[in-house]
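There are 2 protein chains.
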Amino acid sequence: MKPNHLILCQTLAYDFKQEHYLITALTHCSFGIPNNERLEFLGDALLNFIMAQVLFERFPKAREGQLTRMRAHLVKRETLVKIAQYLQLGEYLYLGTGELKTGGKYRASTLADGVEALVGAIYLDGGLESCQKVILQLWNKFLHNLPQRKIKDPKTRLQEYLQASQQDLPIYKVLSTQGSPHAQYFKVECVASGLKTPTYGSGDSRRGAEQSAAENALRILNAE
Amino acid sequence: MKPNHLILCQTLAYDFKQEHYLITALTHCSFGIPNNERLEFLGDALLNFIMAQVLFERFPKAREGQLTRMRAHLVKRETLVKIAQYLQLGEYLYLGTGELKTGGKYRASTLADGVEALVGAIYLDGGLESCQKVILQLWNKFLHNLPQRKIKDPKTRLQEYLQASQQDLPIYKVLSTQGSPHAQYFKVECVASGLKTPTYGSGDSRRGAEQSAAENALRILNAE
Chain B
1 MKPNHLILCQ TLAYDFKQEH YLITALTHCS FGIPNNERLE FLGDALLNFI MAQVLFERFP
61 KAREGQLTRM RAHLVKRETL VKIAQYLQLG EYLYLGTGEL KTGGKYRAST LADGVEALVG
121 AIYLDGGLES CQKVILQLWN KFLHNLPQRK IKDPKTRLQE YLQASQQDLP IYKVLSTQGS
181 PHAQYFKVEC VASGLKTPTY GSGDSRRGAE QSAAENALRI LNAE
Chain X
1 MKPNHLILCQ TLAYDFKQEH YLITALTHCS FGIPNNERLE FLGDALLNFI MAQVLFERFP
61 KAREGQLTRM RAHLVKRETL VKIAQYLQLG EYLYLGTGEL KTGGKYRAST LADGVEALVG
121 AIYLDGGLES CQKVILQLWN KFLHNLPQRK IKDPKTRLQE YLQASQQDLP IYKVLSTQGS
181 PHAQYFKVEC VASGLKTPTY GSGDSRRGAE QSAAENALRI LNAE
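Which chain is which? The protein sequence lines are B and X, in order.
Residues in the first sequence are numbered consecutively from 1, following the working numbering.
Residues in the second sequence are numbered consecutively from 1, following the working numbering.
Isolated chain B, as found in the complex (with noise of 0.2 angstroms):
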C-alpha cells in the first residue's frame, strides 16, 4: 500500500485490504474512470441507513420528525466537509489538471462526496459492520452534539410554549371513550391560547390521545 494510503487508512481506524476500493474512492470524476461516483452513490445511501438506526436506538422516544431533523444535521455538506477536513481527503484526492488549479481539493461538494465514497468503499471492503465502527468513530462528535438532543414530549413542549409567552395553560377534555374496558379508544379536545378552534387526538390511552391533540395544537401555533 502507498505510504500516504497508510497514514490516512490509520486516521480512518480501519485499514483496507484491497486497495483498489481506496483508490476508487479518492479518485474524483475529473481524474477519469473509474471514479468515485458509484461509490458515493452506496456510501450516501448507507450512510443514510446507518444514521437512521443509530438514532432510531438511541432516542427511543423521538418521533419521526425529530429523527428526521437529527439525521438531516448528521449528514449535511457541511457536516462531511467537517470529516473530510479532520481526515484532511483533500490531500489525498487524485483530482484531474483543472480541477487541481481551480481548488478542487478545498471544494465542499468534492470533499463531501469524497467522504461518502470512502463509507461506500470501507462497506465493499471489510463489510457492514466494519463500517458501522468507523462511522461511529468518525461522527462521534456530532452524534453528541445534535440539536434538540433532548426529546420531550409534545404536552411538555406546548405547556413551554405557552408559558413563554405567559399565556394560559391548555385544557384537555376527553370527548368520548369507546371499546371494552381492556382495549379502550379514547378522544381527546385540547384549547389552548392562540388556537382558534380546538385540536383533537385520539389513541389507546388517555395520555397517548391527549400526546397526539397537544402535537396537532404545536403544528398549528407553529406554522402560524
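By construction, these hints were calculated from the structure, which means they are not laboratory data.
Hints are not guaranteed to be accurate.
Identical chains share a label here; the pair holds if one copy fits it or two copies do between them.
Straight-line Cα separation of at most 25 angstroms, DSS-like style, residue types lysine-lysine; simulated pairs [stated by the list, open to error]:
| hint | residue 1 | residue 2 |
| --- | --- | --- |
| 1 | Lys17 | Lys61 |
| 2 | Lys187 | Lys105 |
| 3 | Lys101 | Lys173 |
| 4 | Lys82 | Lys141 |
| 5 | Lys101 | Lys187 |
| 6 | Lys61 | Lys141 |
| 7 | Lys82 | Lys105 |
| 8 | Lys101 | Lys82 |
| 9 | Lys187 | Lys61 |
| 10 | Lys82 | Lys196 |
Dock chain X against the given chain B, drawing on the hints supplied.
Relative to chain B, chain X alone:
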C-alpha cells in the same frame, strides 16, 4: 399470532418471531401510540440502502445518475402503493375511526408509509439478510422492469440521439495529451449538431475523455 396476521406473513413470505413489531408496523398514527411512524423512518432508510446495493451490484457499468434514477423508480410512492396493494395492506392496517371513515385504508401515503414500516419491522425482527430477501422477492417485478434497464455509454447515447433526428455524427478531437507515457492525461473536445459551442472532457484515457465530453454534450442537448 392473530389469524389475519398469519395470512399477511404468508403473502410476505416472512414469519415474524415477535408479533409486536408487525402490530406496530400496521398501526397508523391516527390509532394512537405506539404507531408505525418510527418504523417508517427506519424502513425508508433501509429500503433506500438495500436498493442502492442491489443496483450497484446488478449494474456495474451504470453511472451514479442512472443508479439514482433507477432507485427513485423503485422507492417512489406509486411503487410502494403497488406493493401495498399486492399485500392487501389496507385490510390489515389499524386506523383511527376518523381515518377509517374517510377512506384511510385506500390513501396512497398511508399505504406507502405502511410498506416502509413493514420493512423496518422485518429488519428489527429478523435482521438485514431476512429483510433483503423479502424486499428482493416483493420488488422482483419492478427490478426486472426498470426504466433504461440497458445502460448505454454516453458516446452511444449521443450518437443515437443525433441519428434519431437525422443529424451528423459527433466529432471528437484530442486537444492535448499531458503526463508521462504511462500516466497520460487527455483533453478532448466534442462538436455536435445542436451544440452552439463544443463540449470538453478529460481523463486518463482517450476513450474516457471522449465519454466525458459526450456526457456533457447530452446534458446540454437534453436541457435545451
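Problem - Hint check, failures only - result: 10
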